[in-house]
Amino acid sequence: MGDFLVFEGISKSFGELKVLDNVSLSIEKGTIFSILGPSGCGKTTLLRICAGFEYPDRGRVILDGKDITSDRPNRRRVNTVFQNYSLFPHMTVRENISFGLQMAGFDRSRISGEVDRYLELIQMSDQADKKATKLSGGQMQRVAIARALINKPQVLLLDEPLAALDLKLRQRMLVELDWIHDEVGITFLYVTHDQGEAMSISDHIAVMNKGRIEQQGTPVQVYEAPTNSFVAAFIGDTNFFETEITSIEDSYCRMNIKDFADGVIVYNDKNFPQGSRVYLSIRPEKFVISHAEPESHRKRNMVRGVVEEIIYMGTHTVFWVRVGDYRIQVRQSHDRFLLDEKIIEHGNTVCISWHADNCYILDRYDERDESLLTLPDDDVTVAPENIISAGK
Amino acid sequence: MRRSRIPFYLLVGMLVFLYLPLIIVIVNSFNMSRYGGQWGGFTLKWYSRLFSDRTIWYALGNSLLIALTSTVTSMVLGTTAAIALYRFKTRLQSAHRLFIHLPLVMPDILVGISLLLFFVALKVRLGLFTIYLAHVTFCISYVAMVVLGRLQDFNYAVIEAAMDLGASWPAAIRKVMIPMITPGIMAGGLLAFTLSIDDFVITFFVSGPGSATLPLYIYSMIRHGSPMVINALTGIFIVFTFTVVTISKKLLEEK
Ligand SMILES: Nc1ncnc2c1ncn2[C@@H]1O[C@H](COP(=O)(O)OP(=O)(O)O)[C@@H](O)[C@H]1O
Ligand SMILES: [Mg+2]
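Protein chains in written order, with the numbering used here: chain A, 1 to 392; chain B, 1 to 255.
For reference, chain B alone in the conformation it holds in the complex (with noise of 0.2 Å):
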């Protein structure tokens, strides 16, 4: 019996869709023609340019700062959030697992928009620690959802074991369950990191003078500056995402 070749033909447009755009973008980067539709020759020239601009420099100074402290804030939370939700079945646990989800589903625009009322309200300045702030509170629910269900196949036994050694429960959690979980929390936190340095639209919202993000640096480019380099920058930026997304991929199947 021959199997359909419809799924194979749905497999290749899907990655055709999702991947080509990207590798234009990449090839696009070494043309040496100053507009994209044709082929003039390779060139490294975009390169050297997007490395000569010092905002840029400064821009991703910005981004680095923000989704390393944002990366890490997230961990500590984000795993202390799981642990609480492994552990704790009450009432108040379901509405903790709700809020946790929420900024999973709810549309960016709302969460920079509300987060952005919110600042004003309370007259904090904007700047990059409202930004930090706002990158936290997406953050900590990912690096929370990881840890979750790194600890799904966690068994509470161990603990036990380790308080029968003479371990309080602070102990057995910082000795045993933490160690137990650590390829979920690098997971997690790199997951997080990879959201907070290319987030756009939250951030965009939260920003003040002078704390412009590389993401919304390039934004600014593409209306006022060379398309070219943010060519250049793009495919920086892919293939630094996607070493990234793997690492992360591998961390959780380690067992």
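The following block holds chain A by itself, in its conformation from the complex (with noise of 0.2 Å):
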């Protein structure tokens, strides 16, 4: 049941270029499955193999066990979203919508009826003679997916289909692609390099990188254990810290962090033996800031340092703390943030906190990954009173 499309080690070079590196993917019937990646990492070239546009060097894409590797992009069950949409511009809308079945050969009356059902599944019944280069992005957007759609193919391929909207118009699509989806119960395989958008739409999400998977799970999975540093990075902001396993407690170990005066400890689920030299990823919304100590409690870590820069911003505020070398950022949500008397302040010496089960140990760490990281910006540093003040 789990294995529906198959990418089976899939590699591809342009001259030199190495663009996918034995990409391996396996994804089940009816989800919807994102790749997301940066620009450039070979998003688009995995899924035009998908289609049949380039052939790969090396592996074999499996499509309901069937070997498609080599068929043409006419002969597979295959449809795609273009990145652009690339509509037929001298069509109207439901000339291009009818596209697909017209080349299946389909009687006249059959196809009319096909196009209607269609037209109204993306609420366009009455642009219907419009022409194709008279819409808007969102139409344009929602006629390319139902010309793909009407085909009945057994994957979606989706190419960035958002990312020439505005913001506003892109969260619309996106819920409306989501009950489009949970509409016609078609496997989707959906290309961005938008995190926002892979989490909240997807099953399942593989995270790419230079033409290879760094990770693949749930959005849950990628964004509260990534596996190394560019998924961490990549999805979400975090912290890196460099440490050394001293000792092991159970499914527990506990570590040595430079600058920091007391070991901490962390989940150890992959069992790394002690001695082991290691990266920790810790996601900004995971400490607790605060003046006072916080209970001690076995499975909590604590460290105290400086606060060197406030950034209000509206749904949480953003604290740079110093420890030592590190500036470790630190995400808090407030409930009562005008009434709190002891708000916390730019140079107030605080305790950061956080539970051990909160942090992960990283399989992999690359420091050129840290340009990822947000960074703290020395110039700006709006202490939280002058805020208060301002919006009064």
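If you are wondering where the hints come from, they were derived from the structure by calculation, not from laboratory data. All residues carry an ideal CB built from backbone N, CA and C; glycine is no exception. Don't take each hint at face value.
Computed footprint of chain A on chain B; a stretch qualifies when at least three of its residues, placed anywhere within it, have a C-beta under 8 Å from a C-beta of chain A [as the list claims (entries may be wrong)]:
1. 148 to 158
2. 161 to 168
3. 172 to 184
In the SDA-like style, the derived pairs of lysine to any residue whose C-alpha atoms are separated by at most 20 Å in a straight line are [claimed, not checked]:
4. LYS286(A) - HIS334(A)
5. LYS131(A) - PRO183(B)
6. LYS89(B) - ASN74(A)
7. LYS175(B) - GLY217(A)
8. LYS131(A) - ILE159(B)
9. LYS131(A) - LYS175(B)
10. LYS89(B) - HIS101(B)
11. LYS175(B) - GLY105(A)
12. LYS175(B) - PHE4(A)
13. LYS152(A) - GLY15(A)
14. LYS131(A) - PRO179(B)
15. LYS175(B) - THR92(A)
16. LYS175(B) - PHE106(A)
17. LYS175(B) - ASP107(A)
18. LYS18(A) - ASN151(A)
19. LYS270(A) - GLY217(A)
20. LYS134(A) - LYS89(B)
21. LYS131(A) - HIS101(B)
22. LYS134(A) - HIS101(B)
23. LYS175(B) - GLN102(A)
24. LYS130(A) - PRO179(B)
25. LYS134(A) - THR80(B)
26. LYS175(B) - THR133(A)
27. LYS250(B) - GLN102(A)
28. LYS175(B) - PRO89(A)
Taking the hints as your guide, dock the two standalone chains into a single complex.
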């Protein structure tokens, strides 16, 4: 059941440039599977291999148990929503949507009925006779989806379908896409560089970088349990710490972090042995920041630092806290911000604490991935009282 | 700051130089006087004489026949050439591009003579058929150039979209690319038509007995017939060419 669409060790080079490097994925029927990665990492190339516009140098594509690697595009039961929609500009909405059925040789009355149904699905029945070039971005998007879906493909490929839309429309279309998916129940392979899109729409995410799959899993898995520094830094924000494991305590381990007075305790689900030098990732919102020392607990870690910068964001506040060489990003939401008497201010010494289960030991760390993280901005330091008085 | 008026004078000078002779010809075609020099009153008699000359109609028939057939042929071949040049960027296509460009810059007289030698060598009888072939050779280039221009901003992704939706490559070209570049093909065809119908030099070399086209006949009339009838004929020709060129420009602007 699990292996409806399978990429098996796909490699592809354009001349000297290796674009895909041994990519293997397995996609379950009826789900939305996202490939998430920065621009230029090879996402479109992988989709084009699946659609039949490129052929891999090595590896196979298997759809519903059948090897389709070398089938022509028009022989695959796969349809694509292209990055810029690629509607037929000389045709109306109706003609665009009916194109696939015409190619399949259905008779006229059947086509007309089907097209009506799909026009309804995308809520564009009243626009059926408009020229494709006269549509707005969101409408083109919907026509592109209907034009692909009407052929009842086994898999629908979507290449950054929302990238050309503005933010508001993007959010609405995302909801609409999800709804259409529920309606038709077709497997979606969704490609995007936007982590928010991928997180919210997918059942499964594969994070891709430089032609390789870095990690795959549910949105929760890749966010909460990143296996390497790229995934941790590319999806959301995080803090990296260089550590050494000093002792093992059941499924937990103790480790030393330079500049931290006490050792910290961390969930060690991958059984790294004592003495390993590993990197730890802690997301900024997993910290709790306070003036007073929190109640001590066996699985609670605590470190003292000095607040260097405070950025009020409305939904939360970002604190940059200095601990030795580390500048730790902490995000805190607040329920009584204006009433709270003990507001944390610039220059305060604070305690930041986190639970042993709320951090993650990375399998692999690459210093270059640090460039994906948000950095503290040394110039803009806004104390909260200024914001409050400005708001009055 | 005042702008220099020199460009304006240059423009007027150019327009006068280009169009004054044409206007004189048209005005003269309504001139009663037998010899162009002075105005002898308005008349349509040159036009009526023109329309009663049977040889002219015969020559016009030849011209139209050749123009229509060579236009249709070169629209098909020229478009095919343009699509090949657009799609494939191999070394062979670079040579192809050169060959398509060549007739545009080669002197007509060279084309005419070489075609004549070619036909004679092959022992092809000179006549309407050889004129047709000669016209096709240069019309293809013009059609190909115009269509290629139109293809410059054609996004190949729509062909992929068509194939994705189940069309074979030929079907995608037929159903999507051809309709999208039709204005270019039509404009190229109109251009080919005007070039064919008033070609003189090349036609002169490859024509045979009884295959005189209109331009050839006009030439012989200048030498043997009435110049005033020629004025009338030229007047009609100018108006006709002007109309066709205007339409073809409109087509090219269409998006
Ligand atoms: N047809 C091609 N020829 C040469 N290089 C290509 C071709 N298609 C893509 N590339 C290169 O492959 C890399 C990955 O491209 P792509 O798959 O489009 O990335 P993404 O969709 O993730 O942005 C890029 O560096 C791109 O320049
Ligand atoms: Mg892309």
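Okay, the hints, checked on the actual structure:
1. Coverage of the stretch 148 to 158 of chain B by chain A holds in this model, with 3 residues showing a Cβ closer than 8 Å to a Cβ of that chain against a need of three.
2. Evaluation of the coverage hint for the stretch 161 to 168 of chain B: fulfilled, as 8 residues show C-beta separations to chain A shorter than 8 Å, against a requirement of three.
3. Interface restraint, the stretch 172 to 184 of chain B with chain A: holds (4 residues with C-beta to C-beta distance below 8 Å; minimum three).
4. Restraint check for LYS286(A) and HIS334(A): the C-alpha separation of about 14 Å stays at or below 20 Å, so the hint holds.
5. Our distance criterion of 20 Å between C-alpha atoms is met by LYS131(A) and PRO183(B), whose separation comes to about 17 Å.
6. Under the criterion of a C-alpha separation no larger than 20 Å, the hint pairing LYS89(B) with ASN74(A) is inconsistent with the structure, at around 24 Å.
7. Among the hinted pairs, LYS175(B) with GLY217(A) is inconsistent with the structure: their alpha-carbon atoms are about 42 Å apart, more than 20 Å.
8. A hinted pair counts as satisfied when its Cα atoms are at most 20 Å apart, and LYS131(A) with ILE159(B) qualifies at roughly 18 Å.
9. For the proposed pair LYS131(A) and LYS175(B), the alpha carbon gap of about 16 Å is at most 20 Å, so the pair holds.
10. As the CA atoms of LYS89(B) and HIS101(B) are separated by approximately 16 Å, the hinted pair is consistent with the 20 Å bound.
11. Among the hinted pairs, LYS175(B) with GLY105(A) is consistent with the structure: their alpha-carbon atoms are about 14 Å apart, no more than 20 Å.
12. Annotation: proposed proximity of LYS175(B) to PHE4(A) is violated, straight-line Cα distance about 33 Å (limit 20 Å).
13. Our distance criterion of 20 Å between C-alpha atoms is broken by LYS152(A) and GLY15(A), whose separation comes to about 36 Å.
14. Only pairs whose Cα atoms come within 20 Å are accepted, and LYS131(A) paired with PRO179(B) is accepted, the gap being roughly 14 Å.
15. This hinted pair checks out: LYS175(B) and THR92(A) have alpha carbons roughly 14 Å apart, not beyond 20 Å.
16. Restraint check for LYS175(B) and PHE106(A): satisfied, since their Cα atoms lie roughly 16 Å apart, inside the 20 Å limit.
17. About 18 Å separates the Cα atoms of LYS175(B) and ASP107(A), which keeps this hinted pair within 20 Å; it holds.
18. Restraint check for LYS18(A) and ASN151(A): the C-alpha separation of about 33 Å exceeds 20 Å, so the hint is violated.
19. Annotation: proposed proximity of LYS270(A) to GLY217(A) holds, straight-line Cα distance about 16 Å (limit 20 Å).
20. Between the alpha carbons of LYS134(A) and LYS89(B) the distance comes to roughly 33 Å, so the proposed pair goes past 20 Å and is violated.
21. Proximity of LYS131(A) to HIS101(B) is assessed by CA-CA distance (about 36 Å); at most 20 Å being required, the pair is judged violated.
22. Note on LYS134(A) and HIS101(B): the hinted pairing is violated, with a Cα-Cα distance of about 37 Å set against a maximum of 20 Å.
23. About 11 Å separates the Cα atoms of LYS175(B) and GLN102(A), which keeps this hinted pair within 20 Å; it holds.
24. In summary, the hint linking LYS130(A) to PRO179(B) is supported, as the alpha carbons are separated by about 17 Å, within the 20 Å threshold.
25. A distance of roughly 30 Å separates the Cα atoms of LYS134(A) and THR80(B); the hinted pair therefore is violated under the 20 Å criterion.
26. Proximity of LYS175(B) to THR133(A) is assessed by CA-CA distance (about 17 Å); at most 20 Å being required, the pair is judged to hold.
27. Of the supplied pair hints, the one linking LYS250(B) and GLN102(A) is violated, its CA atoms being roughly 32 Å apart against a limit of 20 Å.
28. Distance hint between LYS175(B) and PRO89(A) is fulfilled; the C-alpha atoms sit about 12 Å from each other, no more than 20 Å.
Hints 6, 7, 12, 13, 18, 20, 21, 22, 25 and 27 from the earlier list are contradicted by this structure; the remaining hints agree with it.
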